[in-house]
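Given only the sequences and the hints, what does the whole structure look like? Please build it.
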Amino acid sequence: MGSSRGVKPADETGAMSSEPRRVEVTLETKIESMDLGEEVTRRVAVTAGFDEDERDKICMAVRECLINALQHGNRRDPCKPIGLSFTLHADHLVVQVRDQGAGFDLASVPNPLDDAHLLKTSGRGLFLARCFMDELQVGSGRNGGAVVTLVKRYSSNHREPSGAPTEKEKRQ
Amino acid sequence: MSVKITKRDVSGITVVDLSGRLTLGDASAQLRETLRDLLSQGQKKIVLNLGQVGYIDSSGLGELVSGFTTVKNQGGQLKLANLTQKVNDLLTITKLYTVFEVHNDEQTAVQSFS
Numbered sequence: 458m459g460s461s462r463g464v465k466p467a468d469e470t471g472a473m474s475s476e477p478r479r480v481e482v483t484l485e486t487k488i489e490s491m492d493l494g495e496e497v498t499r500r501v502a503v504t505a506g507f508d509e510d511e512r513d514k515i516c517m518a519v520r521e522c523l524i525n526a527l528q529h530g531n532r533r534d535p536c537k538p539i540g541l542s543f544t545l546h547a548d549h550l551v552v553q554v555r556d557q558g559a560g561f562d563l564a565s566v567p568n569p570l571d572d573a574h575l576l577k578t579s580g581r582g583l584f585l586a587r588c589f590m591d592e593l594q595v596g597s598g599r600n601g602g603a604v605v606t607l608v609k610r611y612s613s614n615h616r617e618p619s620g621a622p623t624e625k626e627k628r629q
Numbered sequence: 097m098s099v100k101i102t103k104r105d106v107s108g109i110t111v112v113d114l115s116g117r118l119t120l121g122d123a124s125a126q127l128r129e130t131l132r133d134l135l136s137q138g139q140k141k142i143v144l145n146l147g148q149v150g151y152i153d154s155s156g157l158g159e160l161v162s163g164f165t166t167v168k169n170q171g172g173q174l175k176l177a178n179l180t181q182k183v184n185d186l187l188t189i190t191k192l193y194t195v196f197e198v199h200n201d202e203q204t205a206v207q208s209f210s
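So the protein lines, in turn, are chains V and E. Heads up: the first sequence begins at 458 in this note's numbering, then just goes up one per residue. Heads up: the second sequence begins at 97 in this note's numbering, then just goes up one per residue.
Derived from the structure by calculation, the hints contain no laboratory data. Owing to the predicted nature of the structure, the values given are computational and were not obtained by experimental measurement. Some hints here could point you the wrong way.
Which residues of chain E face chain V? A partial, calculated answer using Cβ under 8 Å [unchecked claim]:
#1 Leu120
#2 Asp153
#3 Gly158
#4 Val161
#5 Ser162
#6 Thr165
#7 Ile189
#8 Thr190
#9 Lys191
#10 Val195
Beta carbons: idealized from backbone N, C-alpha and C, even for Gly.
As C-alpha cells, this is what we get:
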C-alpha cells in the first residue's frame, strides 16, 4: 500500500476554501498501485466537485501517467516510489505524478495517431492523458525523474462540495 | 480479478465474452492467453464481445492491438462487437476504429465471416 499525508478534503462546513488544498500520496512501484492511485484520484475528484464524466476522464488520465511512471520512469523497480499529488485551487485541479527515472521530453514522444505507430502495442498513455485533461506538461523533479503535471479546470457543471447548485443550474 | 473471459462457439465462430476492466496486469495477460489458446487450437475466426467492458486503459488497448496482429499474422480474423460508449469513444480518439473491424452486435459480427 502507499502512504498519504495532507489529506484534508474540505473544511468543517464542506465549503471550498480560497486557499489551495493539497493531497499527497506515495505509491509503491507495482501494478496494484495503479488501482490505488485511481481510487485516490476518484475521491479527490468527487471532493473537488467534478461530475461523473469529468471524474472518469481525470481518473483515466492519472492512471495513464501512473502506468507511465511504473513502466518507463521507474522501470518497475520496486525500490523507487511514485509520487502523486493533488492541489485543489478555486477554479482548477492540478495533479502531479513524479517518478524516479531519467526523465523525458514530451516533444520526443511519438504521436500514436501516425499511421506508422497505429499498430504499436504501447505509446498511447500520455496521448490519452492529454486528451482527457485541459493541460499536460512534463518537467523534471528537484532530485531528477519526470514530473507530469495535469490540469483540469472546473466546468459550468462543477458542483461545490457543499452541494450548492452549479453555475449552469443557477442560470436555469 | 478485473476481467472475466469466457468462450463459446457460434456457427463455427469463436465468440469471446469479456466483462469488467481490461487493464494493465492480469486482465491483459488473460486476454493474451485466451487468444493464444484459441490459435493453438486452430480457431482463427474470433469475435471479441466487449458489451460488458466499461473500461480499457492504454495497456488493454495495446493488448487488443497485439491480439489483432497476432491473429491476422496466423491467417485469422479478430473482430470487435457490442462496444460500450466509453470503449467506442476510446477507439475513436486513438484512431483504432480504423484498425479493427467493429460491429454493433454479435450476430452481425458472426455473420460477417461468411
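Verification of the hints:
1. Leu120: 6 Å, holds
2. Asp153: 6 Å, holds
3. Gly158: 4 Å, holds
4. Val161: 5 Å, holds
5. Ser162: It holds, given that the least Cβ distance between serine 162 of chain E and chain V is near 5 Å, below 8 Å.
6. Thr165: 6 Å, holds
7. Ile189: Where the cut-off is 8 Å and the nearest Cβ of chain V is about 6 Å from isoleucine 189 of chain E, the hint holds.
8. Thr190: With a minimum Cβ separation of about 6 Å from chain V (threshold 8 Å), the hint on threonine 190 of chain E holds.
9. Lys191: 5 Å, holds
10. Val195: 6 Å, holds
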